[in-house]
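Asks: Single-letter residue listing:
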Amino acid sequence: MPGLIGFYTFGEGRENWDASQIIHYGLSALQGRGQESISLATIGPGNTLHTLGGKGGVEEFFQKNKTSIPKGFIGIGQTSSYLDDYLVHVKTPYELVLALDGKTDLHEDRGEATKLFARQLSQLLHSEKEPLKATSMLINKIGGGYSFVALTHKQELVTGRNPLGVKPLETGSVGFDIGAVASETCALDVMGIDHTGPVETGEVIMFTPEDIRGNAPTTDRGNFCSYEYVYLARLDSNVNTLSVARVRNRVGRELAKAHPSKGDVVIGVPETALPIANGYSQESGIPQEPGFMRTGENVRAALKPTQKERLVGVQLKLNPVKSAFEDRDVVLVDDSVVRGNTLQNTVLNLKRDGARQVHVRIGSPALVSPCPYGVEIPPRDELISGNLDEKELANNVGADSISFMTVEELQHAIGLPRQNLCMRCFEKGGTTR
Amino acid sequence: MRVMGVGGGARENAIAWKIGLSDHKPEIFWIAENRNPGIHKICKDNQGELRIGRTTDPKTIVRSARGWGIDMVVVGPEEPGFQGIPDALEKEGIQCIGASQELSVIERSKADLRRLQWENNLPGKLLFRTFKNAREASDYIRKNIETQPWLQNIVIKPARQSGGKGVKLIEDRKIYLHDEKERFKEAYFDSLQASMSAYSDIEDKILVEEKAWGPEYSLQCFTDGKAVLGTPLVQDNKSAHESDSGPETGGMGSISGPDMTLPFITMEEYDKSLKIVEGIVEAIQKKTGKSYHGMVGGQMMLTENEGPTVIEMYSRLGDPEALNMLALLKTDIIDVFQAIVERRLSKLKLEFTNEDAVVVKVVAPNGYPEKRDKAKGHPVQVFDTNIKRNGCYLFWGSADLQEDGQVVTGGSRLLALMAMDHTLPPASARIEKTASSVQLTDGWGLYHRSDIGTEQLLAKRQNTAERVRRLYKHREEQGILGTRMDWVPKIGRVDPSQLLLQEMHGPGKA
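Line order of the protein sequences matches chains C and Z. The first sequence begins at 1 in our numbering and counts up one residue at a time. The second sequence begins at 1 in our numbering and counts up one residue at a time.
Do not take every clue at face value.
[Unchecked claim] Cross-link-like lysine to any residue pairs, in silico, SDA-like; alpha carbons within 25 Å at most:
#  : chain 1 : residue 1 : chain 2 : residue 2
1  : C       : Lys262    : C       : Glu283
2  : Z       : Lys460    : C       : Lys428
3  : Z       : Lys226    : Z       : Lys143
4  : Z       : Lys460    : C       : Asp329
5  : Z       : Lys143    : Z       : Gln498
6  : Z       : Lys490    : C       : Gly340
7  : C       : Lys308    : Z       : Tyr176
8  : C       : Lys428    : Z       : Lys211
9  : C       : Lys308    : Z       : Ile491
10 : Z       : Lys181    : C       : Gly296
11 : C       : Lys66     : C       : Glu36
12 : C       : Lys322    : Z       : Glu242
13 : Z       : Lys460    : C       : Arg328
14 : Z       : Lys174    : C       : Lys428
15 : Z       : Lys174    : C       : Ala324
16 : C       : Lys322    : Z       : Ala459
17 : Z       : Lys374    : Z       : Gly246
18 : C       : Lys322    : Z       : Asp244
19 : Z       : Lys211    : Z       : Asn133
20 : Z       : Lys238    : Z       : Glu466
21 : Z       : Lys165    : Z       : Lys211
22 : C       : Lys154    : C       : Asn215
If you're looking for bench data, these hints aren't it; they were derived computationally from the structure. No experiment lies behind these values; they were computed from the predicted model shown.
Bound conformation, chain C alone (with noise of 0.2 Å):
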């Protein structure tokens, strides 16, 4: 799952920006949808394209490409959790590069279904005449949830959100001189540009060296991923305008609503779930307390291509804090399971040193159907909830009890309507809409 910048120049000393220099702290705030695959491109006076494509994180990348770093007052950029997942590059008709969260349905393969989408727009915009309009038309027509940037040699910078909207995509600004975009508000907060609002679903806007002109977007309001409030997003980020911390504060109390549990202390799993492990302590009155620290860098280890990289980095992260359960009923929060092997690790080294019992309460319901928009959620046999009940999932990972919230309560704690949530994650049929 890719992270997005696009950053957008205009008028008189424009030339003197280094788009690169800033995209890179945008894309550094980014690298929680992923940081194996960093690209990026810009463009300067010579209306020539710069790219350059490397493994991540961010900051090894500008490290060891210091001196290769493309020069450019406009750029894009993209930070991914797949292997060798760079910007596409497309010559002609109409020379452009092109970034993209999420998946379009031209193609079964991800990177094959993006190529074809970036054909499609420069062949679009080398011959239509309302290269706006025709965009529009473009996204209208091409399924699948998807948002995208792209960058034309002719200076133009091109994003949109297809009318599913599942994919975030939100703008910002500076003045008369800077226009950005990027997948979330974070990485506008952190290249110091204020945000003016999400791209709406539907919507797209094209920035060209005259103006900056937007298509009307659709009337639906979407059908957003609901897994980015329960993994995905930063806490600092705002999706579709709601705060993410918010959100996670009010799954922890929902979740200690519906499903509530003795217990002597409440402990988050770092670092997603400790949010709603928060609410949880507020709504029940168990206290909260730190359960475990990191070793090494902080690394996203749902998100990592290989099974052993996922473990590596959930065994470095979960080291516990021994005190904080000896001894205790605890109520573990996590945001989700997957294929179990954490949670299993996890509540295994608890009871062993020491935790009495162990009830696991998870934030999210769960996770029985991969996900279509490109998702590392793996396929349905890879899914341990799509394959044990709840109590058979308690003793498969030697936990006294575990409950997941219902998708209404996810949906309630969000607090959008049901019909403008994606939940096909979490529903073995897997239905839209």
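With chain C held as given, fit chain Z onto it using these hints.
Replies: Relative to chain C, chain Z alone:
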């Protein structure tokens, strides 16, 4: 009545001591490979003698027993049993307390013991696999480590009792250390293969078992083949040094009392453990058609998957665990032995004192257990009066009384000091007061574990026991005690017990 003992360690010294206390006033004869000073004295005081001879050679044993006109023989260590000493004696019409060769397989072959448990679906077992060579072991583990997660945390043992080759625990729980663990594991497989190739009596050379954790304890029993009578639980301490660190030894000291169980084991766990031992005795008798008469013991552990679990079996008494049990035994030991040989053990009232806790600490020369050559041949001096003044007992182990009356070290565990009190910590303290009464006069060092029986170590055992008890009790409440079920992404539910049984009954393997 003439009784003869076999074996020259502290365990045998204690057996001789107990026989010497019998109201039957038997004459005591002994065969050992070292002139154990304690046994030597007891024999002399009881109209008998200690003879030096090969304890594993049936001819030597039978000839001596016949020559002395022995009524009953007691075999102490396991190796004479493995070599068929009891069988040879009984063939000559001499009564013997000790497991016959075929029955002693429960100790001799750790692989056969596991098979016996699984074939008979007995409780208290662990998952296992056996391998003919190192390649087979590493290939199997590499191939199955994903689908059988128990293979990540294993115990590697020689499949057969093998001199000097110990047990290795491989916890492959931190995946970032996986390569390191794998390298170590495979190197150990190679070294096991090399040392085990000397034994042609079994096909399986390497045993791999599910690693369990929890408090360990020994349940020693008397059996006449019909009844299995339990004795007080004893906990031995296998690590050479304080706080359970350092290399594996034969046992550095043991605790028991003040009643049938240990402070950290419940009576319910005792009863379950006894049932487990009974089940094994019954199964091995059924399998071999032989009658088990002698001593049998379960080296047990409380584990999260099974509760009371067999780690290994003894086909004899433990050393030093025998000391604790014999110190607590109130019934005349000759009455016990006679009840065993006359197959009327069920009618015997086996009594133990329930007022005393017993602590035993082994004193060993520096060098034991890794460099026994260096630990050997040092002159020993003992201040008996000091030991007695503190109410302690001394049992000689790997020691040799020479012609000139000087005792020298044999390289293994030199002797055991024992003390009794109302609870364990004061008994432990008594031994500490008297430990300096044993010295080597050439300046070579001795060591023992001061922590055995102390409040701190007991608290640690209690803590471990409570943790694992919580886990197994929880499984019991859920109705899944003794079962194992994994869920493996892409494959689904995997029951490693079923896989084991399939491989046991299928072609090759296990």
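Asks: None of the hints should be skipped; say for each whether it holds.
Replies: So, going through the hints one by one against the coordinates:
{"no.": "1", "hint": "C/Lys262 to C/Glu283", "result": "holds, 13 Å"}
{"no.": "2", "hint": "Z/Lys460 to C/Lys428", "result": "violated, 48 Å"}
{"no.": "3", "hint": "Z/Lys226 to Z/Lys143", "result": "violated, 45 Å"}
{"no.": "4", "hint": "Z/Lys460 to C/Asp329", "result": "holds, 21 Å"}
{"no.": "5", "hint": "Z/Lys143 to Z/Gln498", "result": "holds, 18 Å"}
{"no.": "6", "hint": "Z/Lys490 to C/Gly340", "result": "holds, 12 Å"}
{"no.": "7", "hint": "C/Lys308 to Z/Tyr176", "result": "holds, 8 Å"}
{"no.": "8", "hint": "C/Lys428 to Z/Lys211", "result": "violated, 38 Å"}
{"no.": "9", "hint": "C/Lys308 to Z/Ile491", "result": "holds, 17 Å"}
{"no.": "10", "hint": "Z/Lys181 to C/Gly296", "result": "holds, 21 Å"}
{"no.": "11", "hint": "C/Lys66 to C/Glu36", "result": "holds, 18 Å"}
{"no.": "12", "hint": "C/Lys322 to Z/Glu242", "result": "holds, 24 Å"}
{"no.": "13", "hint": "Z/Lys460 to C/Arg328", "result": "holds, 18 Å"}
{"no.": "14", "hint": "Z/Lys174 to C/Lys428", "result": "violated, 34 Å"}
{"no.": "15", "hint": "Z/Lys174 to C/Ala324", "result": "holds, 22 Å"}
{"no.": "16", "hint": "C/Lys322 to Z/Ala459", "result": "holds, 17 Å"}
{"no.": "17", "hint": "Z/Lys374 to Z/Gly246", "result": "holds, 18 Å"}
{"no.": "18", "hint": "C/Lys322 to Z/Asp244", "result": "holds, 21 Å"}
{"no.": "19", "hint": "Z/Lys211 to Z/Asn133", "result": "holds, 20 Å"}
{"no.": "20", "hint": "Z/Lys238 to Z/Glu466", "result": "holds, 21 Å"}
{"no.": "21", "hint": "Z/Lys165 to Z/Lys211", "result": "holds, 18 Å"}
{"no.": "22", "hint": "C/Lys154 to C/Asn215", "result": "holds, 20 Å"}
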